[in-house]
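Next come the chains, spelled out residue by residue.
There are 2 protein chains.
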Amino acid sequence: MATIALHLSANTSVTLADQLYSYFKEEISCGNLHKHEKLPSKRTMASQLACSINTVQAAYNQLVDEGYLIAREKSGYYVAELEGIQHLGSIHQEESIQLPKKEHYRYHFSYQGVDYDSFPFSVWRKMAKEVIQAEDKELLSSGDPKGHQGLRTSIARYLQYSRGVNCSSEQIIISSGTEFLMQLLIQLLDADSLYAIENPGYEKFSLLFKSNRVPCIPIPLDAQGLQLEALEKSKATVVCVSPSHQFPTGCIMPVSRRLQLLGWASEQRERYIVEDDYDSEFRYLGKPIPSLQGLDQQGRVIYLGAFSKSLSPALRISYMVLPNQLIRRYEKNLQFYICPVPTVEQKILQIFIDRGHFERHLNRMRNLYKQKREALVEALHDKLPNVEIEGDSAGLHFIIHVHNGMDETALVAAARNQMVQVYGLSRYYSSLPQETSDGTLLLGFATLRFEEIDDAVSHLKKAWCSEEKTRS
Amino acid sequence: MATIALHLSANTSVTLADQLYSYFKEEISCGNLHKHEKLPSKRTMASQLACSINTVQAAYNQLVDEGYLIAREKSGYYVAELEGIQHLGSIHQEESIQLPKKEHYRYHFSYQGVDYDSFPFSVWRKMAKEVIQAEDKELLSSGDPKGHQGLRTSIARYLQYSRGVNCSSEQIIISSGTEFLMQLLIQLLDADSLYAIENPGYEKFSLLFKSNRVPCIPIPLDAQGLQLEALEKSKATVVCVSPSHQFPTGCIMPVSRRLQLLGWASEQRERYIVEDDYDSEFRYLGKPIPSLQGLDQQGRVIYLGAFSKSLSPALRISYMVLPNQLIRRYEKNLQFYICPVPTVEQKILQIFIDRGHFERHLNRMRNLYKQKREALVEALHDKLPNVEIEGDSAGLHFIIHVHNGMDETALVAAARNQMVQVYGLSRYYSSLPQETSDGTLLLGFATLRFEEIDDAVSHLKKAWCSEEKTRS
Chain A
66 MATIALHLSA
76 NTSVTLADQL
86 YSYFKEEISC
96 GNLHKHEKLP
106 SKRTMASQLA
116 CSINTVQAAY
126 NQLVDEGYLI
136 AREKSGYYVA
146 ELEGIQHLGS
156 IHQEESIQLP
166 KKEHYRYHFS
176 YQGVDYDSFP
186 FSVWRKMAKE
196 VIQAEDKELL
206 SSGDPKGHQG
216 LRTSIARYLQ
226 YSRGVNCSSE
236 QIIISSGTEF
246 LMQLLIQLLD
256 ADSLYAIENP
266 GYEKFSLLFK
276 SNRVPCIPIP
286 LDAQGLQLEA
296 LEKSKATVVC
306 VSPSHQFPTG
316 CIMPVSRRLQ
326 LLGWASEQRE
336 RYIVEDDYDS
346 EFRYLGKPIP
356 SLQGLDQQGR
366 VIYLGAFSKS
376 LSPALRISYM
386 VLPNQLIRRY
396 EKNLQFYICP
406 VPTVEQKILQ
416 IFIDRGHFER
426 HLNRMRNLYK
436 QKREALVEAL
446 HDKLPNVEIE
456 GDSAGLHFII
466 HVHNGMDETA
476 LVAAARNQMV
486 QVYGLSRYYS
496 SLPQETSDGT
506 LLLGFATLRF
516 EEIDDAVSHL
526 KKAWCSEEKT
536 RS
Chain B
66 MATIALHLSA
76 NTSVTLADQL
86 YSYFKEEISC
96 GNLHKHEKLP
106 SKRTMASQLA
116 CSINTVQAAY
126 NQLVDEGYLI
136 AREKSGYYVA
146 ELEGIQHLGS
156 IHQEESIQLP
166 KKEHYRYHFS
176 YQGVDYDSFP
186 FSVWRKMAKE
196 VIQAEDKELL
206 SSGDPKGHQG
216 LRTSIARYLQ
226 YSRGVNCSSE
236 QIIISSGTEF
246 LMQLLIQLLD
256 ADSLYAIENP
266 GYEKFSLLFK
276 SNRVPCIPIP
286 LDAQGLQLEA
296 LEKSKATVVC
306 VSPSHQFPTG
316 CIMPVSRRLQ
326 LLGWASEQRE
336 RYIVEDDYDS
346 EFRYLGKPIP
356 SLQGLDQQGR
366 VIYLGAFSKS
376 LSPALRISYM
386 VLPNQLIRRY
396 EKNLQFYICP
406 VPTVEQKILQ
416 IFIDRGHFER
426 HLNRMRNLYK
436 QKREALVEAL
446 HDKLPNVEIE
456 GDSAGLHFII
466 HVHNGMDETA
476 LVAAARNQMV
486 QVYGLSRYYS
496 SLPQETSDGT
506 LLLGFATLRF
516 EEIDDAVSHL
526 KKAWCSEEKT
536 RS
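Just so you know, the protein sequences line up as chains A and B, in that order.
Its first residue numbered 66, the first sequence is counted upward by one per residue in the numbering used here.
Its first residue numbered 66, the second sequence is counted upward by one per residue in the numbering used here.
Since the hints were made in silico from the structure, they are not lab data.
The structure presented is a predicted model; accordingly, all values stated were derived computationally and were not measured.
From the three backbone atoms N, C-alpha and C, an ideal C-beta is built for every residue, glycine too.
Please note that the accuracy of each hint is not assured.
As the list claims (entries may be wrong) - Quick list of simulated restraints, FRET-style, between CB atoms:
1. Asp520/B with Glu102/A: 44 to 54 Å
2. Glu335/A with Ser87/B: 30 to 40 Å
3. Asn76/B with Met484/A: 54 to 64 Å
4. Gln198/A with Ser496/B: 40 to 50 Å
5. Leu433/B with Asp201/A: 18 to 28 Å
6. Leu433/B with His101/A: 55 to 65 Å
7. Arg334/B with Tyr226/A: 53 to 63 Å
8. Lys269/B with Glu91/A: 15 to 25 Å
9. Gln400/A with Met484/B: 20 to 30 Å
Please construct the entire structure, taking both the sequences and the accompanying hints into account.
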């Protein structure tokens with residue numbers, strides 16, 4: 066081979082061996098060095114480049130390890146045969162991705178998220194410090210695949226006294242988000258399961274089943290929740306419901322419908338009810354509605370809960386309670402999934418619950434959200450008399466019917482023009498009913514600041530009242 | 066109805082209204098109160114129980130909300146019709162779950178986990194404090210579904226300079242564990258994709274495909290890694306490989322085989338290579354082997370990485386780099402999956418990387434693991450001369466062949482009798498080859514303490530050398 070057109074430089078952070086390695090890799094990749102070509106001996110190369118033999122040795126070794134060179138004992142170093150190496154010369158620059166621009170709003174009537182000013186950061190920080198200070202081995206191993214035993218015990222106790230859920234800590238699986246729990250369930254339940262979802266309902270369920278290539282059937286609701294006759298006709302085997310505060314309508318499934326649903330499940334093997342208890346901590350009149358799971362004597366209810374509404378969606382901690390026969394199946398088939406929640410965080414949450422901070426936080430938030438809800442209801446009554454509010458006095462959102470002749474799309478667009486985000490009810494329908502309800506929207510109030518509520522509703526008034534528009 | 070057999074007590078933490086509510090709920094549930102039965106008026110009830118009308122009102126309201134009572138205007142409260150209520154009487158106690166007892170070992174040659182004494186707890190604690198102190202809104206919202214933008218930028222930069230990966234932060238998806246990333250990939254790639262995995266290989270891949278009901282084909286290896294001819298014959302469209310340090314054999318795929326693999330992928334649309342780069346940070350002779358992704362000009366490599374080996378498996382942070390066409394598809398179809406890693410933790414890791422702590426930690430750990438590896442190799446040479454070591458000087462485990470006439474099962478059992486855990490190679494085969502290698506085991510050394518290594522190997526000697534056994 067010709068002389069090496071390389072000048073090693075000592076005035077850089079790259080070692081001499083690395084410079085040599087990069088040079089040869091490039092020469093081989095672009096075809097300047099041909100296959101089977103012999104490289105100069107280490108000694109020759111070292112003298113030519115005025116560097117040590119060790120430097121050359123290090124570069125050659127790395128090239129051999131990566132397969133660019135072949136070392137033949139007592140013979141020397143040869144360029145390896147690399148099929149398809151020509152490709153490497155022509156770097157194909159892919160265009161950078163153009164993301165759609167985010168829309169900017171002044172006010173979001175969001176139904177996701179929590180009050181931004183009330184998270185107990187100082188308590189959380191103290192506990193984080195305490196947990197990390199302990200420096201135990203647990204913080205460095207992946208731990209129990211179902212989740213940290215201590216946290217599962219605390220959740221089981223909490224569910225028993227506050228939600229009337231019958232369970233032991235062994236039945237609890239901790240994960241990060243309803244989506245991830247549902248993915249586990251799809252794998253856990255029979256391959257030929259047919260899923261039913263509420264229509265309207267939580268929009269992620271239909272997306273999730275679709276992307277998991279699993280069929281799912283939307284079931285219409287009446288004033289008591291999911292219609293049993295439609296469920297029976299559907300041939301579904303697993304049904305997802307939110308009985309304590311239906312999403313998005315806010316209706317409570319009465320005990321009679323709950324018993325019918327349990328009866329439906331017990332009629333056949335492998336029929337299950339997935340109870341999504343997403344925001345039941347917040348009820349402003351009376352006690353919280355007890356869970357459906359607590360009524361179940363046959364082990365047919367899978368209970369889903371989360372800390373997204375009660376603490377923060379950024380924590381990414383959710384859990385499910387499986388009936389005993391499904392827990393056994395889980396331990397047999399799905400134990401290889403490591404719990405996705407970091408151990409540190411599970412331990413912080415455990416002591417946060419055990420020392421009563423969680424209950425205190427819930428009480429404080431219930432009071433705050435109650436006041437926000439009342440302020441919003443009052444502002445709507447005052448400024449928008451043609452708005453009718455629906456949904457039990459619970460949760461972090463409600464439904465409104467706007468009787469001003471505008472349809473849903475027009476209402477959402479008019480609000481957007483005033484930089485206010487509201488949500489049309491149709492987005493929660495996986496299959497739209499024949500008679501579409503005119504002008505029905507969802508308003509969430511958790512993330513709005515108390516002092517913003519009045520102005521946010523004034524903006525809605527500007528958007529939806531034509532007289533007001535003309536005047537302004 | 067008969068008189069109420071209830072005596073309200075003020076000497077308990079349960080409110081009077083709650084006592085009344087629980088009493089009626091129980092009476093209705095067990096059938097003592099019949100459907101359509103009228104309840105005493107609020108006034109009668111209050112005078113009978115010597116409590117306020119408000120107390121009765123609260124109890125009745127809650128019972129109406131839950132559907133046990135029906136309120137008829139200007140008439141009163143009636144027991145609701147509850148089909149199937151009889152079930153509730155007979156509480157069916159399910160047996161508690163018997164879990165298999167955990168085996169206790171003195172020494173684990175585990176290939177999962179990290180050195181327990183070296184995690185930079187004090188730095189991590191400081192940064193946790195800093196991040197939580199900031200109290201920003203981000204810590205309370207679920208954030209970018211692909212993961213925190215700041216952390217994705219830091220990872221992209223790290224991958225570029227240390228692993229030769231070509232990527233922008235937009236191409237990165239952060240998740241918690243290879244299992245979760247693979248579940249996303251299965252949904253992202255074509256429904257009729259056929260997956261190929263290394264045999265032997267990472268045991269979770271076959272479990273994962275099985276539980277996701279997706280077919281997967283084991284492909285045999287030779288000294289250069291995955292056999293291309295077998296892959297071509299298999300009709301697979303997606304192949305999972307660990308080219309930089311094959312798991313479990315430890316072999317490095319040379320650049321010629323890498324180019325062939327890239328050539329295979331580019332032959333047809335929707336062919337992809339999943340590169341599992343699980344422990345490439347640790348190489349003790351020479352530089353780390355650059356990624357396969359860095360050679361890819363056609364956007365056919367999906368790169369998987371994690372912080373499980375480099376920091377801690379308990380963090381549950383992993384990521385993948387998608388080619389541009391797949392990122393666009395991801396954003397269209399799977400953006401509804403919220404990133405499962407808590408925002409706090411993502412921000413801590415970001416500043417940990419940005420301030421150079423990650424690099425320093427890696428350098429320190431590389432040095433420590435090198436010493437552990439050398440100590441283990443030396444102890445094996447000294448005490449067990451009939452043991453042969455295989456695998457490049459890299460990673461946190463290697464393979465040994467024990468030539469003492471015992472087969473794998475006997476070796477593992479004998480080690481267990483000495484309270485030492487080792488792993489037989491056959492557990493990594495999703496389909497066992499005809500000629501099973503006799504006595505091949507995997508030894509991991511990351512979690513063993515430096516000072517334990519010698520004694521752990523002495524225990525293996527007791528287990529595997531019959532002379533020693535007789536003497537002891």
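Enumerate the violated hints, using their earlier numbering and listing them in ascending order. 6 and 8
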